[in-house]
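Keeping their order, the protein sequence lines are chains G and H. Position 358 of the first sequence, counting from 1, maps to 521 under our numbering, and the rest follow consecutively. Position 81 of the second sequence, counting from 1, maps to 171 under our numbering, and the rest follow consecutively.
In case anyone wonders, no lab produced these hints; they're calculated from the structure. Do not take every clue at face value.
[What the hints assert, rightly or not] Taking lysine-lysine pairs in the PhoX-like style, the calculated list, with each CA pair at most 25 Å apart, reads:
| hint | chain 1 | residue 1 | chain 2 | residue 2 |
| --- | --- | --- | --- | --- |
| 1 | G | K514 | H | K136 |
| 2 | G | K228 | H | K136 |
| 3 | G | K547 | G | K216 |
| 4 | H | K117 | H | K154 |
| 5 | G | K258 | G | K493 |
[Unchecked claim] If we take Cβ atoms under 10 Å as the criterion, some of the chain H residues that face chain G in the derived model are:
| hint | residue |
| --- | --- |
| 6 | L92 |
| 7 | T106 |
| 8 | S134 |
| 9 | R135 |
| 10 | G140 |
| 11 | V183 |
Computed from a predicted structure; not experimentally measured. Ideal Cβ positions, reconstructed from N, Cα and C, are used throughout, including at glycine.
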Amino acid sequence: MKRYSVFAIAREALRQHAGWERAWASPSPRARYDVVIVGAGGHGLATAYYLGKNHGITNVAVLDKGWLGGGNTGRNTTIIRSNYLQDPSAAIYEKSRALYETLSQDLNYNIMFSPRGVMMLAQTEHEVRGYLRTERANALQGVDTRFITPREVKRLVPIIRLDGPRYPVLGALWQERAGTARHDAVAWGYARACSAMGMHIIQNCAVTGVESAGGQVTAVHTTQGSIGCGKLGIVVAGHSGALADMAGFRLPVESVALQALVSEPIKPCMDVVVMANTVHGYMSQSDKGEMVIGGGADHFNNYTQRGSWQHVEETVRALVETFPMLSRLKMLRQWGGIVDMTGDRSPIISKTPLSGCFINCGWGTGGFKAIPGSGWAMAELMAKGESPLAEAFSLTRFREGRFIDESVAAGVAH
Amino acid sequence: MLLLTCPCCGVTAEETEFANGGEAHLKRFGPGSTDDEFDAYMFSRKNPRGVHFERWRHAYGCGKWFIAARCTVTLEVFATYPAQTTEPPAEVVATIKARRPEWEGFA
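All chains, please: the whole structure from these sequences, using the hints.
Shown next as structure tokens:
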């Protein structure tokens, strides 16, 4: 793999850019791999990358039924933060945020990480108390957050209206080192690095069945034939239930649609990410100038990758109240993704009842921010059989009553 | 936007008038059941890609619970029926079979 650098750009500029090579190869599948990962989204590719980088396992295939990064990795609102209440969540999300800081250098691929700061507005007395508690929890966890006053909110976000009639801004939980990144680039960067290590990324290869012998996974059946595997990692977000069904177990997961929308591009007006969880809306401005807006999830099981209309209306109505200048904006695009929700709104990174088969799912509405940390923990779990970061997120926590209750900690908008 | 008909009061309305209550026809395992049974009843869900039976409540109407048979891929609502049953009625199963011949049936 040729390195990307300023010299490479200069060199290619002198020869009509004829020397750029493909970022990753498109090989045909071999008959067998040591590890097969199903799902070439951010989490799947990160798992493969850290298997190679941290554990020296490079005989790996990453399969995807569509194209890489075409699921939720390409459908989220790109927010990266780690201001969670519970210790296991703070540990994995903070690991993830820290890895994002140097990810461009590690991958030699510009993922455009922008530590612009994330602000979670407190618009009720309950939220004020909740965020003060989170601030203290974060201090103990080593996560750098601070509760700020409405005046500081106004200084950071001049377009905000503090004294809205229904939900005035009473303060905010501010994480200065949080931010956004280019979501596609995260998938592309990992894919390029995996391909460079000799791993196979096989697109348009849907898994149709899982084969096992004596309780041990042996192969996956795909639309490109049967592929043998020593270990199997299922990292397919919203479709985890279908894959688990093939592997012969059920998950405490339900799939629902979460949607986002972007406005027409406007001049720079807001250089931080603002989340308003009471009114179900969050917003940032992309580098192109579009306002990127996310809202609440639908509440019924859904695989359609589009959301219900009333949620768009709800989200936009709430944001217009807090940001009156948005009222004249036209919306350009709206889309949905299928998110896998667990009962406690925390993920599952775990062994499964099928030996050799591991699952990473349940990231619900907040998976993008976790990509590097999730891949790191999943790779460690698959390579060594245990991982300190993943331990609390095991599938058995439900029957044992060890919930990691983040639905209360973070409101709805993860 | 889903359109649902409440079988209790007969009103057809948009989904905003109803509240979803999750998977229907769960068999309750209480005291005396094994850990596996209770775990499965409490947490494990079918979450199918296709025909799904789910509970709804006519929250902004008559307030009654009922069950809807719906496709999670196309959002087509096959039928709604009262909740006082432990499995889908035969005519609902027939309706679904007619629309989805490949459906494996309620299990």
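Check your understanding: Tell me, which hint numbers fail for this structure?
Key -> When the structure is compared with the hints, numbers 5 and 11 turn out to be violated.
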